[in-house]
Amino acid sequence: MIELRDVSKRYGSVEALREVSFTAPEKHIVGLLGINGAGKSTALNILTGYFPPTSGQVLVGGVDMLRDPRACKRQIGYLPEKPPLYDEMTVRDYLRFAAQLKDVKRASIPAHVEEIIGLTGLKEVRGRVIGHLSKGYRQRVGLAQALCGNPETLVLDEPTVGLDPRQVSEIRTLMQQLSLEHTIIFSSHMLAEIQQMCDRVVILHRGRVVREADLDDLTDTDGRIHLRVSIAADETRLLPALKGLPFVRRVRQHTSAQPGVTEVTLDCDADGAGRGDPRVQLFRLLAGLDAPILHLAQERDSLEDVFLRVTSGEEAAAV
Amino acid sequence: MIAVWKREMQSYFYTPVGYVFMGVFLMLSSVIFYLQIMRQRSSDLLTFIGTMSYLWMLLCPVLTMRLLAEERQKATDQLLITSPVSLPGIVLGKYLAAVTVTLVTVALTFVYVFVVMLYGQVFDGELLTGYLGFILQGCAFLAVDLFISGLCRTPVTAAILAFGMNFALWMMDLLVSAVPASLGKVLSFLSLYSRNEPFLMGQLSYASIVYDVVITCIFLAAAVYTLDARRYRGKGA
Numbered sequence: 000m001i002e003l004r005d006v007s008k009r010y011g012s013v014e015a016l017r018e019v020s021f022t023a024p025e026k027h028i029v030g031l032l033g034i035n036g037a038g039k040s041t042a043l044n045i046l047t048g049y050f051p052p053t054s055g056q057v058l059v060g061g062v063d064m065l066r067d068p069r070a071c072k073r074q075i076g077y078l079p080e081k082p083p084l085y086d087e088m089t090v091r092d093y094l095r096f097a098a099q100l101k102d103v104k105r106a107s108i109p110a111h112v113e114e115i116i117g118l119t120g121l122k123e124v125r126g127r128v129i130g131h132l133s134k135g136y137r138q139r140v141g142l143a144q145a146l147c148g149n150p151e152t153l154v155l156d157e158p159t160v161g162l163d164p165r166q167v168s169e170i171r172t173l174m175q176q177l178s179l180e181h182t183i184i185f186s187s188h189m190l191a192e193i194q195q196m197c198d199r200v201v202i203l204h205r206g207r208v209v210r211e212a213d214l215d216d217l218t219d220t221d222g223r224i225h226l227r228v229s230i231a232a233d234e235t236r237l238l239p240a241l242k243g244l245p246f247v248r249r250v251r252q253h254t255s256a257q258p259g260v261t262e263v264t265l266d267c268d269a270d271g272a273g274r275g276d277p278r279v280q281l282f283r284l285l286a287g288l289d290a291p292i293l294h295l296a297q298e299r300d301s302l303e304d305v306f307l308r309v310t311s312g313e314e315a316a317a318v
Numbered sequence: 000m001i002a003v004w005k006r007e008m009q010s011y012f013y014t015p016v017g018y019v020f021m022g023v024f025l026m027l028s029s030v031i032f033y034l035q036i037m038r039q040r041s042s043d044l045l046t047f048i049g050t051m052s053y054l055w056m057l058l059c060p061v062l063t064m065r066l067l068a069e070e071r072q073k074a075t076d077q078l079l080i081t082s083p084v085s086l087p088g089i090v091l092g093k094y095l096a097a098v099t100v101t102l103v104t105v106a107l108t109f110v111y112v113f114v115v116m117l118y119g120q121v122f123d124g125e126l127l128t129g130y131l132g133f134i135l136q137g138c139a140f141l142a143v144d145l146f147i148s149g150l151c152r153t154p155v156t157a158a159i160l161a162f163g164m165n166f167a168l169w170m171m172d173l174l175v176s177a178v179p180a181s182l183g184k185v186l187s188f189l190s191l192y193s194r195n196e197p198f199l200m201g202q203l204s205y206a207s208i209v210y211d212v213v214i215t216c217i218f219l220a221a222a223v224y225t226l227d228a229r230r231y232r233g234k235g236a
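Quick note, the sequences are listed as chains A and B, same order. Residue numbers 0 to 318, in numbering that gives the first Met the number 0, belong to the letters of the first sequence in order. Residue numbers 0 to 236, in numbering that gives the first Met the number 0, belong to the letters of the second sequence in order.
Wrong hints could be hidden among the right ones.
A few chain A residues that face chain B, going by a derived Cβ cut-off under 8 Å, partial list only [to be verified]:
#, residue
1, F50
2, K72
3, K101
4, V250
5, R251
Keep in mind the hints are simulated off the structure, nothing from the lab. Nothing here was measured: the structure is a model prediction, and the numbers come from that model. From the three backbone atoms N, C-alpha and C, an ideal C-beta is built for every residue, glycine too.
Make a model of the complete structure from these sequences and hints.
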């Protein structure tokens, strides 16, 4: 398990990270999400010991990175945004070098490297010079390097950026396969990727953690629910009444295909402003207005909704 | 450290750098050997070694320029620093690789000694002392130039700056006679070239040995410090 505790990082007068705390539980895929410049790469660089934090602690398996960097680094494999490859080396020589760096026992290096080559699909190119490889293969070699020494945690900084759709799919499949054995922390600004891959999400904005939760909780909680309702009534009569409900924060109207039917999504407080289930209150209101409900469904926040809310508008301004 | 040393050794000979260094060094030393030994019909190998020592100024930057600067330029330092290897281990591994290539090159110059031994007399003690000074001086230049590589973003800048630094060290020697005596003494004391003179007279000077070793250690420590300071500033090594 990896944990960041109140980590801050200053670059001169610029505060890149401000009291960032989050945890990556064992054998989970944790996605670090944020717009460009949110502090994702800085957080990962600190997490892997590339930079020391200005203040705060990085704990790897309970060990403080500053106290015993060697023990911590042995447990982490890191693929930076730009894979750290030596173009003049062959894939096999490079991976042997990486294995030596990661303290793999000399006698077991050849077998270890061959195993990783097999796992990452590099068999065809293992004797080739890295400088001659395609971007997809270079990314794979970078990932293979991170696997050397069989670290418990893999830290991957935007591992699919710049790859074609097929390569993206291959890398994602490989990550899912690896997550059975390893904890994976990866950064991305692609919401679909995070939604598809992660168990847990940490959203960074302006150097702060603005959300940290399991993916299901992140899109389910936050004290809000969304009710999509089709009502057999005229909107001019209906909308003022809906907006007047104390638990309704926002009313979004949709175009209805049927005449005389109003379709809306209500962003509501989950507790109905302290008066109980908002669906019950809504039913009572509409019954009183003689406006029959044709359809009522509760919708969850999408990751995009959450992300946009926390990285723009009121919540982001509060950061 | 051993892993870093091995990679650098491979890198020297996967790329033309190692061959260029050895080739140019041996070519220029051959010219010196021809001019000072063969043409003069001399067996004065110490003078020959003394002249060869100017090659350090020219060629050490070739070996050191990419050692740290290229890691920074290509961001491959991320692999080294996030691996369980200490910064002194990284710097020492790289330095020792450069020293190894240098020692192999120096060993090849023994051919000249054998040629002289065939036709003249060689004094073993003098020769060994001369070579000891020559190697220590080379090691000190490598440490200075490695430190400069750690300061630079690109190998080309590192090479130019290292050459400039080496040239300045040589100029310092020339300045001795042009400045007041007290300052001249200081410059002479600090000069890597003046400090090598006892060896070239066949004297095993402990002061000069200590000086070369201290210079080497100071610049290696400075290289480690530079990398570490850059990490703290958040710009990687």
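Against the structure, the hints come out as follows:
1. F50: holds, 5 Å
2. K72: Nearest chain B Cβ about 4 Å off; hint holds.
3. K101: holds, 6 Å
4. V250: violated, 46 Å
5. R251: violated, 43 Å
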